[in-house]
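J.: As they're listed, the protein sequences go chains A and B.
When you line the first sequence up against the working numbering, it's residues 3 to 509, in that order.
When you line the second sequence up against the working numbering, it's residues 159 to 851, in that order.
Everything labelled a hint here was simulated from the structure, so no lab data went into it.
If you're wondering where the values come from, they're calculated on a predicted model, not measured in any experiment.
Ideal placement from N, C-alpha and C gives every residue a C-beta, glycine not left out.
You may find that some hints are simply not true.
Between beta-carbon pairs, the in silico distance windows are [as the list claims (entries may be wrong)]: (1) B:184 <-> A:415: 52 to 62 angstroms; (2) B:806 <-> A:203: 52 to 62 angstroms; (3) A:179 <-> B:369: 48 to 58 angstroms.
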Amino acid sequence: MENSLLLTYLLLIPFIGSIVLLFIKAKKENLIRYFGLGISVITFLLSLVIYFNFDSSNSSFQFVHKFKWIENLNIHYQVGIDGMALLLLVLTTFLTPLTLISSWTSINKKVKEFTFFMLFLELGMLGVFVSLDLFLFYFFWEAMLIPMYFIIGIWGGQERIYAAVKFFIYTMAGSLVMLVAIIWLAIHASNYLGKFTTDLVELYSVAPLFDLSIQNYLFIAFALSFAIKIPLFPFHTWLPDAHVEAPTAGSVILAGVLLKMGTYGLLRYNLPLFPAASLHFASFMSILAVIGIIYGALVAMVQTDMKKLVAYSSVAHLGFVVLGIFAMTQESMQGAIIQMINHGLSTGALFLLVGMLYERTHTREISYYGGIAKLVPVFSFFLLVVSLSSIGLPGLNGFVGEFLILLGSFKSTVLNSWWYTVFASTGVIFAAVYLLWMYKRVVFGKVINPKLDDLTDLNKREIFVLVPIVIFIVWIGIYPSSFLNVSEKTSDKIIEQVLELPKAELK
Amino acid sequence: MINIAIAVLFLPLIGFVVTVFLGSKIKQIYFFENIIMFLSLAGAIILAFFKLSSFGDTTISSEFVWIDLGNTPLMGDIKITLGIMLDNIAVMMIVVVMLISFLVHIFSIEYMRGDPRYNRYFAYLGLFTFSMSGIVFTHNILMMYIFWELVGLSSYLLIGFWFEKKSASDAAKKAFIVNRIGDVGMFIGIMMLYNAYHTFTFDEIFYQISIGNLPFNSEFWLTVTGLLIFAGAIGKSAQVPLHVWLPDAMEGPTPVSALIHAATMVAAGVYLIVRIFGIFTADAMLIIALIGALSALIPATIALTQNDIKKVLAYSTISQLGYMIMALGVGAYTFAFFHLITHAFFKACLFLGSGSVIHGMHNEQDIQKMGGLRKKMPLTYYTFLIASLAISGIPLTSGFLSKDGILAGTFAFANLTGHWLFPIVGFFVAMLTAFYMFRVIILTFHGEPKNREKYEHAHESKFVMVMPLVLLAGLSFFFWYTPNPVNPNDGWVLSEWIKAPELYTPESTRYDFMIPDEEYISHIGTSSEMMYSEKYAEALHAAHYPAMILSLLMAGLGILTAFLFYQWKKISVDKLAERFKALYNWSLNKWHFDELYDATVVAGTVGFSRLLGAFDLKVIDGIVDGAASVTRGFSSFIGKFDNIVVDGLVNFMAYLSGFIGLIFRRFQTGKVQTYLIFVLISIVLLLFLFKSF
């Protein structure tokens, strides 16, 4: 059974939910919380329906729904997913209810607005992953900034205004370049198609035929926007600020899903649309990625704020993803996709844990802690598992992604040098250094700070949030095939689009 | 067979999971872990019995597809398989692992009693045993790496078990990170193999190499690949220069040191080299032998002066592992593995013995504060003595057989290649070993007690602690391995079970003596000894008795010196130390490895990271903020321009029209006669103007 309306329903649920929410009285905070949670859970359940109806042996877009939206410009509302989008989609609907539960008590002012923005945000994220029309994609891409801007700006920490504005303007600047590129792309494509269209599927067939110089410009414009979002070195400095200031839920969504939009964008737009340019820039992008891996890890090592440490670790982890994308081998591409999911789970969980600690002590300074293993054993257990997953310990999810990426980049004929892999591998050492060092300073040792004495361990609600994430961390680590199978055809197809299409045309 | 192996592999995992999750709820759950361990041991013994008795040399293996990346149009089928392989080496190793693990479990029941995290401790032991079994059973190098990291984790957890102590948590972190450095080398080596052969399976890699398919089609890269993988062994087996983590790892509970940091996990590096022995070129082997020799020598010189009983044993472990690595480097493959087994038993006995002493002395570890314990703890003393005799290589012990084999191997190697460094180091270290072991024995068990109060309270340990000691000491005698106390080759362990390794490297990259010659080929089937060629067989045979006598002399000399120094006090140790102060301090301070690393690698990395952190904040973020403030500055300029110039112009126009209006207002008098006059003047002016056209 393939119902083409399912994706539209998926978008409508958080949309209608957020509208209805506006009619609930702001005083009924608990009702609002339960309502928001209910909506996000329904969204999650629907995404599961989609997951189980998805045919992973089929490489084309599924659940496609299309109708005319702006007649004059030939712009369509068109949604559909492939395996990669499906995984990210489910990750989004999976994390959203968890973040809502996690902020049950920590968000206690303007609950209504917060819940509204979270649902709105979910809508934007889902929209980005399902759009098959460049205009629609751009619409969601920008729309998603607004709730995030408010979430950081209203419920954030001390420097929240600075961080929110920086986040907004930095990403906005990137996206405007992309908007220009989208228009240029559509106009230029009309020379081939005979009509102006922003339909991605149609553009897939003609954009690879563009001259290399035009492809290069378009590639740069798209890649700049995505690089800021990922964030790729050296466009990463908004991230530590945004993470540190954002409330826990914001950080989790930011790290868990928002950053993936950049790498998703590279895979969905840059590679298939501009294959020649992608090959041209592969080395350059990979060098930036490798710098990011080492640089992010080293800078993370010397952070004194836990959230900043995790934020810089994201730069390193996303570096692996970008390296995997531009190595363009089956191993590395699959590794990159699974690593996107892994990072969402591990880093999301790390932010949740730091947030839970922050809620109790109101500080994220590493030096404030020490010896809490004795006081909060359950917390320490979860922090250990999640840190190990982030370190890339075999048996947990992080290893699978990094391993496949390194394996693929090593044998990549596109990069054609294994120095990328050798340098990237050192990131594996540094990851162990900064995370275990933090773990040691926070969890091990004797309790020196007397203020920590009344620290309470995780409650049932918090455990309930973490357990599902840990289950997936272990599952992906032990049997990644259940997830790799879903995205297998997608990465096949992308590689084919990059490596085979131009060749076919040249003949 | 495979089913038994799977059961042996996963039982400890079940033990771990159950114990770790029920540990805080059910107080007696550790008992479950111990039963599980017993079952695993039984399974391992059954497995080994069947394999060795009825399967001969056939290798049994089974695999499944772990990751299937499908059939891609451009890159073909990509499948990553994991699996189990049972050969003689694997089943012997698993029995060693399970037996020692079981004995350590039993020992710990008493040793760890009263610990607040008692159950957790047993859970971690289960996790370790599971991970170690994975290393032993694997049929491919990827799975080896996976479990390699997992033993690293259990080692981390157990070293840092008493995490309240800063030294313990520091040591745990150090162990993990130093191991990771080696592991990255190993990982890159694995990727080189995968890149060349698109498989991780040992058999397939070996086959490809044997048909002359080399990484990057070059012998040089085959050497590099081998050495990169060896880097993993350097880390795990604590070889120089990555040995610094092992002495610190003694912060863990003593039974853990016995199991993980003496008998099994640290031997995994040796096991790895044994597994892939056939792919090392002569160049690679020479470097391996060199690393092994350094690791045998340097820690042995450090062990001479250490006062912490566990530190002495830790350095001794590195030194003995160095022996094994060196043995592999010089081609004495069977003796390396044989020494791995004998060492596992007598070193576990020594560590558990030291645990018994520490327990009896209420957590005293300084041998300078002990003495005279022989009377108080007779069983501990005698078992410790037997194990010490074994490690020193005294006849009738297992260590005598295996160590002699290694020394004979280095002798033969030197004879054939001219590298005399290895036998010299080997024999010298044999003397050092005997000396420092008896130094420990004399200071701990002989003489007068130095601390009366502690001595008075000292007591022999309970049965569950002494029983493993007795068993392990029993296993340190020769008769388990061979009926002939002077020739290990007469026993079935060496003649039947550990078979000559197959070599896969191109003959041009091997030592001459490792290329089978015609005489040797004609002998195959008649000789059961491990040989590469007739030439080597003769050299080894010739080296056997000279090496035995020389090693006995060296050991005797070491023991005698120890007695002269510490028992009979004929030579004053303090004066000697004063006389050779520089040397003494050099040894006491462990060759300053830690200080060197702290000053260079650690300080360098942290310093560089701080610099990068500042760079990130000031420069990269500075550019972003700079761009923002330039924009703001420009905006405010535009704003001013807008305010003053553009808006000024607008205002000026308004002002101007107002001004003009002010002038013309005067004409608006409201009187008809004035207007008429204006009309008149206008008409006259107009007429005057138009007249000219």
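J.: Please go over all the hints and tell whether each is borne out by the structure.
T.: Hint check:
1. B:184 <-> A:415: 52 to 62 angstroms: Given about 56 angstroms between the Cβ atoms, the range holds.
2. B:806 <-> A:203: 52 to 62 angstroms: Distance hint for residue 806 of chain B, residue 203 of chain A holds at roughly 55 angstroms.
3. A:179 <-> B:369: 48 to 58 angstroms: holds, 54 angstroms
The structure is consistent with each of the numbered hints, conforming to all of them.
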